[in-house]
Amino acid sequence: MLQLNYIRDNKELVIRKLQVKNFKNAEEVITNIITLDDERKATQKELDDVKGKQNLIAKEIGGLFREGKKEEAEAKKQETVALKESEKVFAEKMSEVEQKIREALLSVPNLPHDSVPLGKGEEDNEVVAMVGEIPQLAEDAVPHWDLCAKYDIIDFNLGNKITGAGFPVYKGKGAKLQRALINFFLEEGEKDGYLEVQPPLMVNEQSAIATGQLPDKEAQMYVVTLDKFYMIPTAEVPVTNIFRDTIVDKKDFPIQRCAYSQCFRREAGSYGKDVRGLNRLHQFDKVEIVCIDSPEHSYEQLEVMKKHVGGLLDKLGLPYRILRLCGGDISFTSALTFDFEVYSAAQQRWLEVSSVSNFESYQANRLKVRYKDENGKMQLCHTLNGSALALPRVVAALLENNQTPEGIVVPEVLRKYTGFDIIN
RNA sequence: GGAAAGUUGGCUGAGUGGUCGAUAGCGGCGGUCUUGAAAACCGUUGACCUUCACGGGUCCGGGGGUUCGAAUCCCUCACUUUCCGCCA
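Start counting the first sequence at 1; every next residue gets the next number (our numbering).
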């Protein structure tokens with residue numbers, strides 16, 4: 001959520017920036033919010049006045065009773081009758097206006113950073129880096145879903161039987177490869193100063209609202225109806241909510257957390273080649289990194305996080321590119337996002353394996369994560385997060401890119417975790 | 001699943017209808033003492049809305065009610081803890 005005072009002070013800038021995000025009717029929506037807020041202020045003043053008068057009378061009555069002046073006190077009581085009536089009217093108007101403001105603010109996305117390019121969709125994203133060599137595969141190279149079947153390491157049909165599409169069963173070396181990647185990612189995180197946490201996989205409604213999954217993305221989550229819990233779509237939700245309603249110490253910046261979790265996404269509306277094999281799953285494994293920092297340093301921290309994510313891919317020997325998402329493709333809550341995509345050589349496709357974002361104070365405003373600045377003033381923190389990394393597509397690329405006539409070669413860095421160097 | 005007790009400021013914990021935004025301790029900040037630190041002592045220390053300011057208002061888990069007046073009484077919801085039952 002944007003801060004109302006910021007909108008008031010920077011109306012033109014806000015409207016201009018919202019247009020970069022292709023937000024419709026920016027001018028109208030923003031003008032309306034300010035008008036509503038003016039109304040709120042006026043109403044509050046009247047309400048405060050009425051309450052002030054009542055408080056005064058109540059005190060007088062208290063004094064009169066103590067002095068034993070009963071009749072005078074009773075007379076005073078009459079004075080409050082009219083005040084109570086108008087209090088009711090103003091209070092109703094107040095909550096009505098506040099509700100309208102809240103709804104309007106929730107509908108406004110975060111403002112994009114100055115560096116966010118204009119654009120409508122993914123075709124307009126800016127490629128900022130290309131790292132590694134695109135592997136040249138043999139003529140008979142096959143996509144990962146064939147390799148999974150050939151070596152019997154990931155069984156999609158079995159998952160279909162047990163649950164449904166998008167819930168594969170990992171077997172033997174496939175399962176071990178999963179464990180190896182998780183351990184590798186977590187230990188690399190620890191090396192770079194991230195404290196490991198293991199969060200709940202279900203969250204309550206409040207947590208889902210705080211990080212922005214509700215109300216807009218409700219259809220993407222699995223819901224435990226009996227208890228009204230939501231299966232997490234990413235560890236970002238529980239890990240960021242660790243800090244909900246807290247005042248953190250600026251001495252602790254940057255606060256860095258990493259967490260492995262399974263993630264659950266309904267992925268309503270997906271179809272075709274996008275969902276083949278490991279490309280898009282309903283349940284998948286991911287190590288997430290979450291940071292909290294001051295507004296002054298959050299963009300520095302974003303670079304630090306990018307370096308961490310890139311380092312993981314370097315070590316795995318996967319070719320990748322980094323995209324700066326354009327206004328049309330960047331998420332509702334993000335100010336600046338870099339996507340990391342690995343090249344999956346048999347599919348000849350780029351697959352997104354990480355998304356690293358700075359949310360500035362947008363999430364923090366809903367979460368109420370604050371710190372005291374040098375002057376002792378309360379300030380909202382900046383929150384950031386990124387995948388480091390999501391497993392399935394990393395596995396897809398590893399299988400495809402490393403296939404040889406003898407089998408699939410396990411990257412050097414993973415061997416101490418897998419205990420084998422080839423899948424055959 | 002059954003029963004009981006709770007939810008107060010950064011933390012612990014008083015307060016059961018009127019100078020209570022709230023006693024006290026811890027912690028934090030400032031100071032005295034000290035070469036420095038610790039200890040001791042003194043002072044200070046909640047958030048939010050509104051206002052140029054003075055000031056006014058809100059907040060004692062959430063919501064509603066009673067009352068001239070609610071942290072305090074009533075209703076309701078949520079959560080926590082303890083005991084019993086069940087159990088990885």
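Note that these hints are calculated values from the structure, not bench results. Just so it is clear, the structure is predicted and the values come from calculations on it, not from any experiment. Even glycine gets a Cβ: it sits at the ideal position worked out from N, Cα and C. A few of these clues could be false.
Cut-off 27 Å, straight-line C-alpha distance, at most; resulting in silico cross-link-like pairs (DSS-like, lysine-lysine) [said to hold, decoys possible]:
| no. | residue 1 | residue 2 |
| --- | --- | --- |
| 1 | K41 | K171 |
| 2 | K171 | K150 |
| 3 | K41 | K70 |
| 4 | K45 | K24 |
| 5 | K24 | K88 |
| 6 | K416 | K45 |
| 7 | K11 | K45 |
| 8 | K416 | K191 |
| 9 | K51 | K70 |
| 10 | K11 | K120 |
| 11 | K306 | K368 |
| 12 | K88 | K53 |
| 13 | K315 | K176 |
| 14 | K45 | K70 |
| 15 | K150 | K161 |
| 16 | K315 | K191 |
| 17 | K100 | K217 |
| 18 | K217 | K251 |
| 19 | K100 | K77 |
| 20 | K315 | K93 |
| 21 | K191 | K217 |
| 22 | K120 | K150 |
| 23 | K307 | K24 |
| 24 | K24 | K51 |
| 25 | K70 | K251 |
| 26 | K171 | K161 |
| 27 | K77 | K24 |
| 28 | K150 | K377 |
| 29 | K70 | K59 |
| 30 | K307 | K161 |
| 31 | K59 | K100 |
| 32 | K100 | K306 |
Derived Cβ-Cβ restraints for the label pairs, each shown as a range [claimed, not checked]:
| no. | residue 1 | residue 2 | range |
| --- | --- | --- | --- |
| 33 | E96 | M378 | 38 to 46 Å |
| 34 | T225 | E79 | 49 to 57 Å |
| 35 | V413 | K150 | 23 to 31 Å |
Hint-by-hint comparison with the structure:
{"no.": "1", "hint": "K41 x K171", "result": "62 Å, violated"}
{"no.": "2", "hint": "K171 x K150", "result": "12 Å, holds"}
{"no.": "3", "hint": "K41 x K70", "result": "38 Å, violated"}
{"no.": "4", "hint": "K45 x K24", "result": "33 Å, violated"}
{"no.": "5", "hint": "K24 x K88", "result": "37 Å, violated"}
{"no.": "6", "hint": "K416 x K45", "result": "68 Å, violated"}
{"no.": "7", "hint": "K11 x K45", "result": "24 Å, holds"}
{"no.": "8", "hint": "K416 x K191", "result": "17 Å, holds"}
{"no.": "9", "hint": "K51 x K70", "result": "23 Å, holds"}
{"no.": "10", "hint": "K11 x K120", "result": "24 Å, holds"}
{"no.": "11", "hint": "K306 x K368", "result": "26 Å, holds"}
{"no.": "12", "hint": "K88 x K53", "result": "14 Å, holds"}
{"no.": "13", "hint": "K315 x K176", "result": "19 Å, holds"}
{"no.": "14", "hint": "K45 x K70", "result": "33 Å, violated"}
{"no.": "15", "hint": "K150 x K161", "result": "20 Å, holds"}
{"no.": "16", "hint": "K315 x K191", "result": "14 Å, holds"}
{"no.": "17", "hint": "K100 x K217", "result": "21 Å, holds"}
{"no.": "18", "hint": "K217 x K251", "result": "35 Å, violated"}
{"no.": "19", "hint": "K100 x K77", "result": "35 Å, violated"}
{"no.": "20", "hint": "K315 x K93", "result": "60 Å, violated"}
{"no.": "21", "hint": "K191 x K217", "result": "34 Å, violated"}
{"no.": "22", "hint": "K120 x K150", "result": "41 Å, violated"}
{"no.": "23", "hint": "K307 x K24", "result": "35 Å, violated"}
{"no.": "24", "hint": "K24 x K51", "result": "40 Å, violated"}
{"no.": "25", "hint": "K70 x K251", "result": "59 Å, violated"}
{"no.": "26", "hint": "K171 x K161", "result": "15 Å, holds"}
{"no.": "27", "hint": "K77 x K24", "result": "53 Å, violated"}
{"no.": "28", "hint": "K150 x K377", "result": "62 Å, violated"}
{"no.": "29", "hint": "K70 x K59", "result": "14 Å, holds"}
{"no.": "30", "hint": "K307 x K161", "result": "41 Å, violated"}
{"no.": "31", "hint": "K59 x K100", "result": "35 Å, violated"}
{"no.": "32", "hint": "K100 x K306", "result": "39 Å, violated"}
{"no.": "33", "hint": "E96 x M378: 38 to 46 Å", "result": "28 Å, violated"}
{"no.": "34", "hint": "T225 x E79: 49 to 57 Å", "result": "52 Å, holds"}
{"no.": "35", "hint": "V413 x K150: 23 to 31 Å", "result": "24 Å, holds"}
Checked against the numbered hints listed earlier, the structure breaks hints 1, 3, 4, 5, 6, 14, 18, 19, 20, 21, 22, 23, 24, 25, 27, 28, 30, 31, 32, 33; every other hint is satisfied.
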